[in-house]
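Q: Listed below are the residues making up each chain.
Number of protein chains: 2
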Amino acid sequence: MIAAPEKNNEIIEANDQISSNHLKLIDATIETIAARGLADTTIAHVAKKAGVSQGYANFKFKSKENLLLSSLQYLSDEYKSSWQSIFEEKNLDPIDRILRILDNDFSEKIANRNKISVWMAFYSEVKFRPSYLNICQHQDEIYSNQMEKLIKELNHLTKQTNFTPKEISESYHSMVDGLWQRILFDPKIYTNQFCRNIVLKYFKSIYVDEKRFS
Amino acid sequence: MIAAPEKNNEIIEANDQISSNHLKLIDATIETIAARGLADTTIAHVAKKAGVSQGYANFKFKSKENLLLSSLQYLSDEYKSSWQSIFEEKNLDPIDRILRILDNDFSEKIANRNKISVWMAFYSEVKFRPSYLNICQHQDEIYSNQMEKLIKELNHLTKQTNFTPKEISESYHSMVDGLWQRILFDPKIYTNQFCRNIVLKYFKSIYVDEKRFS
DNA sequence: AGTTTTGTATTGAATAATCATTCAATATGG
DNA sequence: CCATATTGAATGATTATTCAATACAAAACT
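Chains as they are written, first to last, in the working numbering: chain A, 1 to 214; chain B, 1001 to 1214.
One or more of the hints may lead you astray.
Here are the simulated lysine-lysine pairs, BS3-like style, with alpha carbons at most 27 Å apart [said to hold, decoys possible]:
{"no.": "1", "chain 1": "B", "residue 1": "Lys1080", "chain 2": "A", "residue 2": "Lys188"}
{"no.": "2", "chain 1": "A", "residue 1": "Lys152", "chain 2": "A", "residue 2": "Lys201"}
{"no.": "3", "chain 1": "B", "residue 1": "Lys1204", "chain 2": "A", "residue 2": "Lys201"}
{"no.": "4", "chain 1": "B", "residue 1": "Lys1159", "chain 2": "A", "residue 2": "Lys201"}
Only some residues are given here: those of chain B computed to face chain A with a beta carbon under 7 Å [unchecked claim]:
{"no.": "5", "residue": "Ser1117"}
{"no.": "6", "residue": "Glu1167"}
{"no.": "7", "residue": "Ser1174"}
The set of hints was computed from the structure by calculation and includes no laboratory data.
Since the model is a prediction, treat every value here as computed from it, not as a measurement.
A virtual CB, placed ideally from N, CA and C, is assigned to each residue, including glycine.
Based on the provided sequences and hints, a complete structural model is requested.
A: Next up, the structure:
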């Protein structure tokens, strides 16, 4: 990670010298998208929220597109680091690690309506802006692979050998995405607790004898 | 349904007299959103694709917003009628009915990239346009309730009595939504067959002894 | 210390492009 | 000839982008 510099050079100039205005603008972008939707997010709104002039925002990021891209990258990095640290933790039983991942995926920090609405906004444009896809896809793959490995470690707990670790990992991932979407739809019903519980029961149905999934 | 007239009057004038241009425009709207994304969909594009003038499109639907709304309604109705007919079918064993629903949810007609990208486009704006939400939410509820009833009929097939029908129905629904999203992301991996299979294995993990889920 | 110079950071008004919406004019068919 | 359907050019609003002007701060010089 430190040895190999990431080649994001088109999106943010250099990691070592991100100005405070840079961050203020990215924050303001995310807040604006969450508050008004991507379609209604203008440079003027973002600049105002960040407390800088409109011209400045454009000058710093070269274009609105680039500002949006940088904001998505920021969000994506934030999510990554939250699960990365769980995967890297030592001396953790596989079951407990999965429980930690589940907690993280439905924590207030990650699964709140503002962040989800920003994710959705970008996701919905993925088919038309390959650059959006690039930012998410790579991390997604790493996450899926690590999850798959983790589930392999639980193989002995279930007799359903035809439900492969890859498939279990995919279905977990899909279910989480779907539940996030539903939090946006109907937050009264789909509280974080409710969603977490649904996934927990799903695990329970696979690993019937594991008490910690109850 | 027939006795009580639905109060959609703001969106499409009257069911009995939808002109062919009306439908052409709705089709063109869906195609345009699928091809260019909601953000890049202009009345001019839609009108051109529909083969009418720009002014006409606006005149007929009163506003762009209304055209979008009508298109979402159309899509929503289309989906509804496809699962509705499965629920209404007589002399169908619960398992077979679920299999039919699963087939439908990952059929080419329903789960293709164009339609999914239109759904996503609207979903992502749901937080900011209550009218979008209204169109989807009601049907969603009916679908969920019917699914829940269906799953209740399978209660005797599983020993996992703490995974309630409602929860199973919710998790199915979420998983489908999540998989649709992934079809958009990476259609090479997430083929309809692949997705259907994931959900099938999920059912298998709950109803272990039911051979038809294998 | 105070003044001038120089380079950078920031502004905000002007520009140009895009688009929804309007409506007077025209076509169409009964 | 009338009524209705349809056109497409004009309008006005919105908004990303540009850039000359200005603020600011740090050196450089007296």
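Q: Confirm or reject each hint.
A: Quick rundown of the hints versus the structure:
1. B:Lys1080 to A:Lys188: Roughly 24 Å separates the two Cα atoms, so the pair holds.
2. A:Lys152 to A:Lys201: With a Cα-Cα distance of about 19 Å, the restraint between Lys152 of chain A and Lys201 of chain A holds, given a limit of 27 Å.
3. B:Lys1204 to A:Lys201: holds (14 Å)
4. B:Lys1159 to A:Lys201: holds (13 Å)
5. Ser1117: holds (5 Å)
6. Glu1167: holds (6 Å)
7. Ser1174: holds (3 Å)
In summary, the structure agrees with every hint in the numbered list given earlier.
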